[in-house]
Amino acid sequence: MADLTRLVENEVFMAFASYATIVLSKMMFMSTATAFYRLTRKVFVNPEDCTSFGRGENAKKYLRTDDRVERVRRAHLNDLENIVPFLGIGLLYSLSGPDLSTALLHFRLFVGARIYHTIAYLTPLPQPNRALGFFIGYGVTFSMAYSLLKNKLYL
Amino acid sequence: MADLTRLVENEVFMAFASYATIVLSKMMFMSTATAFYRLTRKVFVNPEDCTSFGRGENAKKYLRTDDRVERVRRAHLNDLENIVPFLGIGLLYSLSGPDLSTALLHFRLFVGARIYHTIAYLTPLPQPNRALGFFIGYGVTFSMAYSLLKNKLYL
Amino acid sequence: MADLTRLVENEVFMAFASYATIVLSKMMFMSTATAFYRLTRKVFVNPEDCTSFGRGENAKKYLRTDDRVERVRRAHLNDLENIVPFLGIGLLYSLSGPDLSTALLHFRLFVGARIYHTIAYLTPLPQPNRALGFFIGYGVTFSMAYSLLKNKLYL
Numbered sequence: 001m002a003d004l005t006r007l008v009e010n011e012v013f014m015a016f017a018s019y020a021t022i023v024l025s026k027m028m029f030m031s032t033a034t035a036f037y038r039l040t041r042k043v044f045v046n047p048e049d050c051t052s053f054g055r056g057e058n059a060k061k062y063l064r065t066d067d068r069v070e071r072v073r074r075a076h077l078n079d080l081e082n083i084v085p086f087l088g089i090g091l092l093y094s095l096s097g098p099d100l101s102t103a104l105l106h107f108r109l110f111v112g113a114r115i116y117h118t119i120a121y122l123t124p125l126p127q128p129n130r131a132l133g134f135f136i137g138y139g140v141t142f143s144m145a146y147s148l149l150k151n152k153l154y155l
Numbered sequence: 156m157a158d159l160t161r162l163v164e165n166e167v168f169m170a171f172a173s174y175a176t177i178v179l180s181k182m183m184f185m186s187t188a189t190a191f192y193r194l195t196r197k198v199f200v201n202p203e204d205c206t207s208f209g210r211g212e213n214a215k216k217y218l219r220t221d222d223r224v225e226r227v228r229r230a231h232l233n234d235l236e237n238i239v240p241f242l243g244i245g246l247l248y249s250l251s252g253p254d255l256s257t258a259l260l261h262f263r264l265f266v267g268a269r270i271y272h273t274i275a276y277l278t279p280l281p282q283p284n285r286a287l288g289f290f291i292g293y294g295v296t297f298s299m300a301y302s303l304l305k306n307k308l309y310l
Numbered sequence: 311m312a313d314l315t316r317l318v319e320n321e322v323f324m325a326f327a328s329y330a331t332i333v334l335s336k337m338m339f340m341s342t343a344t345a346f347y348r349l350t351r352k353v354f355v356n357p358e359d360c361t362s363f364g365r366g367e368n369a370k371k372y373l374r375t376d377d378r379v380e381r382v383r384r385a386h387l388n389d390l391e392n393i394v395p396f397l398g399i400g401l402l403y404s405l406s407g408p409d410l411s412t413a414l415l416h417f418r419l420f421v422g423a424r425i426y427h428t429i430a431y432l433t434p435l436p437q438p439n440r441a442l443g444f445f446i447g448y449g450v451t452f453s454m455a456y457s458l459l460k461n462k463l464y465l
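Chains G, R and D are the protein sequences, given in the same order. Numbering follows this note's numbering, in which position 42 of the first sequence is assigned residue number 42; successive positions increment by one, without gaps. Numbering follows this note's numbering, in which position 4 of the second sequence is assigned residue number 159; successive positions increment by one, without gaps. Numbering follows this note's numbering, in which position 2 of the third sequence is assigned residue number 312; successive positions increment by one, without gaps.
So that you can see chain G by itself, here it is in the shape it has in the complex (with noise of 0.2 Å):
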């Protein structure tokens, strides 16, 4: 278990799980926000799903599109395609020896930019706001891959 308490006890390791697992507990918000919106608006795509409210061809009224409800499931897929290669390259950033406050600048910087993504696609606010919310996640992570590439690459 030796190394595992070393692990624990590496900062910029540490780091990384606390924003991860904060950034990833906002992802998982987005569900509930996509099941709060079908709920109160009665907006379902599942003929199980509104048998509760009426049944067969009272039910069928219901099976239908939503602006709001797809404006969150675009949030959330976004935010899917943007934390996947945050997740994946940051664990391995993090276990490549970065320095504490580089890295902890990187982590910052994405769980802020991805919060402020989600506020922006929700209001929603004009653009540019979404745009920056997204470019600076997206420029994050490549400044974490780059950083990967450039001192470890073992092709």
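Worth flagging that the hints you see were computed from the coordinates, not collected in a lab. These numbers were taken from a predicted model, which means no experiment stands behind them. Glycine included, each C-beta is placed from N, C-alpha and C at the ideal position. Honestly, I wouldn't trust all of these hints.
Unchecked claim - Here are some of the chain G residues that sit facing chain R, going by a computed Cβ distance under 7 Å:
| hint | residue |
| --- | --- |
| 1 | Ala17 |
| 2 | Thr21 |
| 3 | Leu24 |
| 4 | Ser25 |
| 5 | Met28 |
| 6 | Glu48 |
| 7 | Asp49 |
| 8 | Leu87 |
| 9 | Gly112 |
To be verified - Partial pick of chain D residues on the chain R-facing surface, computed with a CB cut under 8 Å:
| hint | residue |
| --- | --- |
| 10 | Ala345 |
| 11 | Gly398 |
| 12 | Ile399 |
| 13 | Leu414 |
| 14 | Leu419 |
| 15 | Gly422 |
| 16 | Gln437 |
| 17 | Leu458 |
Following the hints, complete the assembly by docking chains R and D onto the known chain G.
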């Protein structure tokens, strides 16, 4: 290599590795299910995929959507949205030195809940079967995130 | 920090880190491709994204779908569905102490197959080019999962 040997000797990490591999293999099965329904029901989205069923106008009639295919695709996307947080949070949780029996309870509940979710989605079973599968998996992931952030927060 | 130094000295792990970073960077490129086609073809899904092309009724005509954009989005989603299992299973496989040359064969085949899949999807090349790219990547991931579960199963 000493540390890797020790990581492999760590029972919580090995349990996580086993359950993560199982739930990811289950998720990959969804691609096969989509391909199966697309081929047996002749429902395609890309023109190049149905050239063997006819060319030109004759092929275009296969470019359509189908309830069954869309259902599998929704189940697949829901898997992605929930398994990605489990992978990230679960890996960090496994390395944070939890009690083995507590960790096993988390991993088993999650994998069981996701398999149940897939069965409930594809059959489809009446609600709240699918919702139950979803919320058990969701709760397990949040429980690991809470345990991580409570003990190891480093911001 | 001794363990981290050793992890970085582990050749299989470093090879995994390099290939995972490459395939994730490739996946991130899909976001740029979507943005490129949306801007050059003036095809948007959010009203706030096309205000610079006109306001009110004038802007609404840009809220539409486009074959090219949808094709890039499908390729992106397929990447997510396949790269997530590769990341999870590949990381655990790398830590399970496989033979270096076997591991390299897996990583190279996967990354090559996914790049080929993207080219076949976006060009588009006639089938079975895309299916070939898909199934090689799929098979590589299952081969790593099988090797993990056979040797290291802990349930």
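Structure-based check of all given hints:
1. Ala17: holds, 4 Å
2. Thr21: holds, 5 Å
3. Leu24: holds, 4 Å
4. Ser25: OK, holds: Ser25 (chain G) within 7 Å of chain R, min 5 Å.
5. Met28: holds, 5 Å
6. Glu48: holds, 5 Å
7. Asp49: Asp49 (chain G) check passes; min Cβ-Cβ to chain R is 6 Å, inside 7 Å.
8. Leu87: holds, 5 Å
9. Gly112: Cβ of Gly112 (chain G) sits 12 Å from chain R, so the hint is violated.
10. Ala345: Violated. Min distance 21 Å.
11. Gly398: holds, 5 Å
12. Ile399: Holds, about 6 Å.
13. Leu414: Because about 17 Å separates Leu414 (chain D) from the closest Cβ in chain R, which is outside the 8 Å limit, the hint is violated.
14. Leu419: violated, 16 Å
15. Gly422: violated, 19 Å
16. Gln437: holds, 5 Å
17. Leu458: holds, 5 Å
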